[in-house]
Amino acid sequence: MSHKKNNSDGAKQPPRMTYSLGQGNRHHQKLLKMMDNSCAEPNQADNDKKDNLRMTMMRVVKQHERWSKSSTDLSTSSSTRNTNLGTGKRRESQASIGADTIGSNMLGDENLDAFLRLQLMHLSVSTKGQSELTKDRAFQQFSLLSVRASSLLNEPPDYSRNGSRFLDPFVTKRIDLIDQFPKDSSESDIDGEALAAFCFPNGLRIRIVPRCAADGARRKGWLGEQGDMYQLQGVSTIAFFLYVCCAIAIFTNFLPSSTPLSKFTDVAGSLSHGIAITVREELTDSDASKISSVIELQRERRKAAVMIARWYRIQFNRPKRVFSSRAFSSRSIKRSNSTTGRGLSFNRKSITEDQKVSRNSGIGIRAAVDKMYRSRFKSSSMGDLAFDGSDTSEHPSEVDSIDDDDDEYDVPVSAQARRMGIAAYQAMVDSDKEGDICIVERSYIIIGTRLVDQSLFFCALQNLIDMERKVSVLTFKCYSVCRSLFRLND
Amino acid sequence: MIELLLCFFQINVKATKIKRQTLLAENPNTGIEQLNGGTSYSFDPENRSAVLSTLQSKLSLSLSQRRVAYPRNEVSHVQNPQRRFVMDLKVMGFNSVSLPLPLPEVSGQYGLATLFLGIKDSGLVILLKLLLLERSVLVVGEKSEAVTACATALLELLDPYKWASAFMPLLPREMLDFVSSPVPFIAGMLVDGKQDLHSIIHDHAVKDAMLHGLSIVNLVSGKLIVTREQGTSDMLRRSFQTIPELALYQKRLDSYYRDPSSNLRCFKSFFRHGATLRESLTLKKVKALIKKHLSQFTMGLNDKPDAWQQYGEFNKHTGAFDFSPDKFIQPLKDRMIFQIQFQEMMTHTQLFVGYVEELQKAHEKRSNLLSGHAAQFIARWVELHWTNYMRSK
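Order-wise, the sequence lines are chains A and B. Numbering-wise, this note's numbering comes out as the position in the first sequence, counting from 1, plus 2. Numbering-wise, this note's numbering comes out as the position in the second sequence, counting from 1, plus 99.
Mixed in with the good hints, there may be bad ones.
[As the list claims (entries may be wrong)] Computed Cβ-Cβ distance ranges for the label pairs, DEER-style:
| # | chain 1 | residue 1 | chain 2 | residue 2 | range |
| --- | --- | --- | --- | --- | --- |
| 1 | A | GLN228 | B | LEU483 | 24 to 32 angstroms |
| 2 | B | GLU273 | A | ALA306 | 52 to 60 angstroms |
| 3 | A | ASP186 | B | GLN429 | 58 to 66 angstroms |
| 4 | B | ASP295 | A | LEU169 | 37 to 45 angstroms |
[What the hints assert, rightly or not] Capping the alpha-carbon separation at 25 angstroms, the derived lysine to any residue pairs in SDA-like fashion look like this:
| # | chain 1 | residue 1 | chain 2 | residue 2 |
| --- | --- | --- | --- | --- |
| 5 | B | LYS322 | B | SER338 |
| 6 | A | LYS185 | B | VAL190 |
| 7 | B | LYS242 | A | LEU146 |
| 8 | B | LYS219 | B | GLN340 |
[Claimed, not checked] Only part of the chain B face toward chain A is listed, based on derived beta-carbon distances under 7 angstroms:
| # | residue |
| --- | --- |
| 9 | SER148 |
| 10 | GLY192 |
| 11 | PRO199 |
| 12 | PRO203 |
| 13 | ARG272 |
| 14 | TYR356 |
| 15 | ARG371 |
Hints are computed from structural coordinates only; laboratory data are not their basis. Quick reminder that beta carbons are idealized off the backbone N, C-alpha and C, glycines included.
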């Protein structure tokens, strides 16, 4: 990389970089420095980090090799590959090494997978931009990405990583190519997986919302036009790929450290542009109800997980509160024990010894929850129990206790309030019967456009989306009316 | 109730029939299958393909339309009526595409305006200087359109230079460790609220990367967090020169942006209608000013068409021209040294000392005037009238 020349006097000149066509020689130096450091001071943590980096780079090259094999025309047109890694032999051996490494170490690493997808996208788009930018076409490729019902049914989103609140969306990394244009995918077309990394950088969101709350969801931008998201895509990473390849070559000792990297910069980076509009639409698939039930199940699980987490947090923090609180001094415990007999204590501070034992004996969360409910019912009817002198160990039924309460606190309710209450309850029941809607994200992508034409394609793509929305709404209305009519006839 | 439903059904079926007839007339092979008993009521992919096919072949500007540019004269830029590009595909209810010419520039206008109003003029200049030094930049914001447009705008603003490293308009959150990359990059990242932003900025990897050249453009609160790399931030701070015109343009653009009808406020209306003529003129001037400012760093290279030959030599072995930075920098250094020497000698002359004395006298005179009777009289008069004016208001 650095040429150390001796002048006529024999004195050493400072190393001079060759800036023939390249930019960023500072980074070449940085990479070499990294390598030198790794040779000089072998540190376990550093080595692990570098191994990780090296393996990632190998995967990039391996995938790139595979991809470039499928499009041989492109490999000849792109100077990136001509300059980087020398002879084909060397490249083959690299690929094989990369394959071994992936097999042993790298599988299952989601971050690196995502990283790889991004890089693949970069590489494929940049080379595509070089080779396929034809003047007779306004754009090169259209893709529609979303998730298929079958994918969701086979692999429901993980509930443990998706929010904690009831209406929080679920995120899935399983993204399908729903539609593409042109239909006959050429060799150089970008696969859906690579596109997904760009359009759904944080995964695809699926949200279940009660149908009666659809208007509210629209206002919040969870559904419909308000929730449209726009993205510009531009890719110029040939230089990045060069660095990656150089680094691989150095790390894997295919190239000696003194190899002039300036050779690899003989590349003209090209920039290819694209646009994407991500919309949030109601899933109207025939399997929508199945998906809703699957997501609902996940939501129940999440709810349970949150409850357990909360309970655990309370338990975890409890000793501090117990010992720091004055309420748990010996005097207060005595007082609380004395009040238990009169049925006036139902909070945690005044639990009986049996309850204490059962709570600490680790019967389980269900027991704890049962106990909580029991104590609640007891509390609601404790006045009666105390005054009747009946056995406190006998727990009255739920209905009884509520009735008792009603008798005790019999507040006259006006007819108007009753009517409103009934109407509200009926509305609640009716809206519950309507069920839920499943909102999924869909991304409309056009790639291979010119930078100056981006507003034109945004406009056209938005019109296409609006048109689809209109048709969908119209057909949905007809369908629902037909369905209701058939029901009436039946 | 049933009558109402039937009425509604009739209207809908009528509308659907018309729609269907139109669809079938346009493309006899396709149709809405869903009405014939299917349970899915989404858009037919075949129709989409037909629209896309038409778009692919027809949606482009003619050569004459591409040549349309804003007039050079500022008055005619603002006053002349804009031409429009209109295309009606007449397929399946697809709305016509109508846009002003020249086409609205998503990154060059919307992205620049967002960036310029966010990090202000001084922030933008520092950011561009960081990019000229090939330091990494992470753009974070809540809206994907703003983040991607700003990231792309940075590429354009580097003109006449071209970004030669990694560019990722949107980086997944789980790949935040990418900021430690030794290769410089421009990347965007979406955040979900201020808490999320806080977690990104205080992430260990980000903090570490900031010590090695990473800077963050925070579009949420409109801040530029400059790298803490040793030497770089200090150098930029000390060598910083404000561009007064840029500050004025920023104020002007800010006043346009405050107008509720401004298309710069909403991305959807921007790409449908573009910026107003006054906004586009201001943004054009900003771009020209920045380009002029950045071009000064390669002044010697642009003096003559073949000036670049002076700063390198032809390598016979490789058959390529090798650029030598020393040859470019050394004359600049010499010029600066001689400039300083000249100024040092000049400061010791009687002429210079006399000039300083004059400045001193002028200052004293001004101070005397400001504290004199006349100045106090004028001040009282202005105060009285101002108070009266404010009371009447």
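Structure-based check of each hint:
1. A:GLN228 / B:LEU483: 24 to 32 angstroms: Cβ of GLN228 (chain A) to Cβ of LEU483 (chain B): about 55 angstroms, so the range 24 to 32 angstroms is violated.
2. B:GLU273 / A:ALA306: 52 to 60 angstroms: Violated - the Cβ-Cβ distance for GLU273 (chain B) and ALA306 (chain A), about 26 angstroms, lies outside 52 to 60 angstroms.
3. A:ASP186 / B:GLN429: 58 to 66 angstroms: Because 59 angstroms falls inside the window, the suggested range holds.
4. B:ASP295 / A:LEU169: 37 to 45 angstroms: Check failed, 18 angstroms falls outside 37 to 45 angstroms.
5. B:LYS322 / B:SER338: holds (20 angstroms)
6. A:LYS185 / B:VAL190: Within the cut-off at roughly 20 angstroms; holds.
7. B:LYS242 / A:LEU146: holds (21 angstroms)
8. B:LYS219 / B:GLN340: Measuring from Cα to Cα gives roughly 14 angstroms; hence the hint holds.
9. SER148: Since the shortest Cβ distance to chain A is 6 angstroms, the answer is holds.
10. GLY192: holds (6 angstroms)
11. PRO199: Result: violated, 9 angstroms to nearest chain A Cβ.
12. PRO203: With a closest approach of 4 angstroms, the PRO203 (chain B) hint holds.
13. ARG272: holds (5 angstroms)
14. TYR356: violated (19 angstroms)
15. ARG371: holds (6 angstroms)
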